[in-house]
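Residue numbering for the sequence shown follows this note's numbering, starting at 1 and increasing by one per position.
The hints are simulated quantities; they were obtained by calculation from the structure and are not laboratory data.
C-beta: ideal position from N, C-alpha, C; glycine also.
Among these hints, one or two may not hold up.
[What the hints assert, rightly or not] With beta-carbon atoms standing in for the labels, derived distance ranges:
(1) Lys303 to Asn670: 42 to 48 Å
(2) Gly866 to Thr1021: 32 to 38 Å
(3) His795 to Lys330: 51 to 57 Å
(4) Val881 to Asn599: 24 to 30 Å
(5) Thr216 to Lys330: 54 to 60 Å
(6) Ala1068 to Ser932: 40 to 46 Å
(7) Ser217 to Asp865: 39 to 45 Å
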Amino acid sequence: MDIYWIFLALLPIAISTDPCTQNKMINEKFRSSDYQIKEEHYEHMLCDRTRIFGWYRFTVGSAGSTPASLATKCVQQYHCGTHVPLWMNGTHPTAADGVVPRQICGTNGNNCCAYKDTIRVKNCGTYYVYELKPTRGCSIAYCAGTGVPCAPGQWSASGYQPGCKDMYPKMLNSPQLSNPIVKTNTFEFKCHVDFDASRSDVGFDVMWVFDNKTDTSIPATHLTGTQRDAFLDQKYLANHLGESLSCKVRSYFKNTPFRNGPFIPSNGYWCGIKFDKPSVTVSTKDPPQEIKLISTIPIICDKQNQASCKLELYLDSNNHNTLTTTSCTKVLRPTDWNPATNQAVLPFQILAQRDPKKNPDKILAMHFQNIFSADGPPIFNGYNIPYLTVHTKDKPTSKCTCWGDPHCQTFDTALIDKNSYYDYYKVGEFTMFESTAANRLFQVQVRTWSCGRVSCMCAVAAREGNDIIIIDMCHGHYGKSFPQVIIPHRGALSQGTVITQSKSGLNYLIDFPSGAQVHVDIGKGRYYNVYITPPEDDFAATSGLCGTFDGNRDNDLTHKGGLIQDKFPLTKHSQFQPHPFVESWRIPIGSSMFDLKENIPTDPKWNNDIYYCNCDQKKGIVDCTFDNIKNPPAVHTVCPACTIPLNGGGKGNNAAGRKRRAAGNLGDDNAPIHYFFDYGLSYAPTLRDFPTENGKTKVDAEKACNDAFSKHSTIQQCITHVGMDFTSVKETCVEDFKYFDDGSFINSALGAAVASCVNAVLRNSSFYDKDGNLPAFIATDRCPNDCSGNGACVHGVCHCTSGFVGDGCEINTRTPPEIYNIISDFEGSVLCDVTTRPCETVFVAGDNMYNNSRLSCKIEEFRFDGAGFVATGRQFTTGVVYNNMNNIGCKLPAKQTVGGHTVISYNMSITNDGHLYSNEVKVVKTDSTCLSCRDSGESCHIQGNTCLIDGNCRKPGDINPANRNMKCDPTKNKQAWTSEAGQATITLPIAPLGGVEYKRFDIWTSNKTGCPCAHQPALKTCACCDDGGCQCPSPNQQQCTLCGSSKNCGTPQAGPDMGIDGYTLALADCQCAFDKTQYNCACCQSDMNSCQCGPEHRNQCVACDHMGHCGNKPWIFGPPIPSH
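Put together the whole structure using the sequences plus the hints.
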């Protein structure tokens, strides 16, 4: 009997309840009793806590074709891929025994049966089935099979030793991207693969990446044999200037090109033209100051344009006229390139002047017009060089600081009495600063949350004009949260507003066009330190918790209504708490920037218009004339760790000066978190004294604080060279120790001390050198967070001690990352609903996540079985989206790589190095149109009048794309297609891995009879059609043909002679569309508009406009093909 007639026997029949036929498969080779975890503290472990109660059978092998059985003798802990392996205490039954109970034991230490439970077992002849329960905790898992499996990244024909070998060549080092390499008529970049040059059995795929995004228009480079270098010509930089270029490489063996390794990224190289600093401060008293315009790529033209090759840059004036003949028009030529520095540098002289007749509402900036040059390389056309914001100074300003839990120093106490501060132990929303200057809108608001017995700041919102930035950490739990940067109104900001952060994400700087600055330091999910530096426009025009900046500290505690009820005490007071003053600046619920966000009203009159520096043609100097003689902008505050821009230009021409994100129907996977905020109306702090809850004394606190201050390099320099007295800040350090005796708030006091020193230096010109530069210990020699106590700061660079990495030595390499929770629409939920967001990347909160080329996510696949999600044994390694060390996004496998399933679950873990993995968290990708799940993801059910078939929601009446005679009928079966006869279909057997070529009557016809006839639906004697097929008219109603064409009716297209099915000609032997170096993919039928499926279903073709049908015929094409 041929296979065709076997399929006839599988037409709809009643479904048996025999566990031998109704069971789920578990195919996980690391459950073998011979597999032992080598590093129990770090390796990923199996856990059956979420397993759905039911009947299972164990198998091994890539297609699950070989049965396995539960271990029947004691298995030592850390075997079977878990901590506590479960084994069956008893023998397996005979077939005649039927279903029998058995005891399950779990080994812990020397006790082989420390964990006890019962299961049921049945002998099915060639295999056993087990009625398994979810375990009572983690990491506990059932132990099945024998043999030592191949290690991750290795394979063998059986999946087990002996004979294991690497799936792909192991790249021990990241690829290296070169600096620009100048050629005769062009320049190029080289991506070098650091791999044994003598090996010729390997190949490498090289992709080019801009700002972490692949440009698909740039062809990939395929290196084989001993080739190790790929090159990118300058022409491919078009539309990518202002971005960071990198390459990524994956490896494979030439004889198994379908087993690719993960992509490993290279270092990056920023391509474009920029100023040597984002802003500059000039004074009317100083001589002209030099700034530099730097091109990081050379100016190279093709052969016919070499003689006239140049790039003209025109200074933008206030009337936007082109100044083509002035000495301020700059020209870049090929000869300007310095290969030693990899730069072409053009110096400028910039001069500050005052003109009280000018319009006082402009913002000063230097800018070049959008580039378009017929004489220069075309890659520069359309490029917009970022603005240079120009601040001018005439007299000093001050800084307001709130730190710790929290303590606040106002503008005037920072100037007059540096040992004065007040505490406010309040929870809620407060106005920290508000400008009362005419024709100026500037506000800073803060949120505070409970951090134990007292309160801490957890969010800040700053607004100048229509520019609004929110940095919010209040959405998470104290100690386990992270900052999210939110820019309302779809990210619209003026060109002069710049946001930067440190690489760790623990420091942020907002620089507004007026010169106002808001600087935020973050204490690892616990507190904010907030520093505000106003422009001199705001002198004698301030209000809020920062006081009235007028040189008189006695009116600093002015209430919102104008009342002055409290004054700073004349003598030091460690717990001065002006509660009525603080309460007066509480923001009414629902009216803060945090609550309003997108609903904050804007007004065109508050747009930050740019006033451009002009050109003094006689002197050849850029003339930066500022207007209001009384109130020039503020001195630039230094945050050396804030080097990563979170906004900013360089690409495209934006005449309006505001940038917006494109809106979509779905939310962003990295969208702001919605949460309930406790406004603290009934909150009352619980103050205490020494000893602490853990018995530590004031002496212990003083020692801890003194030690930290004495070891901080910048603070010691401030004491030595500036004469700073940090008595009051140390006092707050000791005070905080009462409540946080783990030392977690010491860094808050250190940050406040450094900020006060910076403020003192900036205000005193005697500390500047003859060229107007700040002392090195304040500027260039400062290290991020003073190397976190895990290294030495040497000239601004941290030299980390062994076991620590990161710009500030904040990452511990001896411990894996930690995941706190996933970020979802609702707190505590693991669900990602595709109806509200793309669910292509899942973001997590955690700690110790290091931004390097090895940072990646391990993804384990689980599929829905009707009640919950069951492991498939498939794993993926995916890339990440890095926000900061406490927040990254794991990219989920593409839909086509998981069998087209939309509803699917994953267990995720993170690694910094590919060796040590974090704890595991669950995410459930769901579709609320048909599936309802608990927030935990552990219990789901299909909703009333819907179907969930093959991982996708279906409406009643939806037709099976593989068989038009089957449809979704939720009254009959919610999980399978129902035939017109009203019976749920039984899943056909799965062909072997790689598919099978069997004889078929016709490639469009699945069965010659058994389906309703098109001309008379009551008859069930006509052909059943394949995907894309329709019944032929009488007298050929037992045959199907391509829908819309009847030319083959009466002349069956027999398979495999005419192909595997209507879209697939052959299972293999054709070039793969996803990788041109591979020739093990399906050959598609010609003239059918058919396309190859992706790597997982490479042996199948489907209609190009129905790519979701990939994987819909496992009885022909077999199970998904593993990626390695």
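| Honestly, which of those hints from before does the structure not fit? | Violated hints: 3 and 5; rest satisfied.
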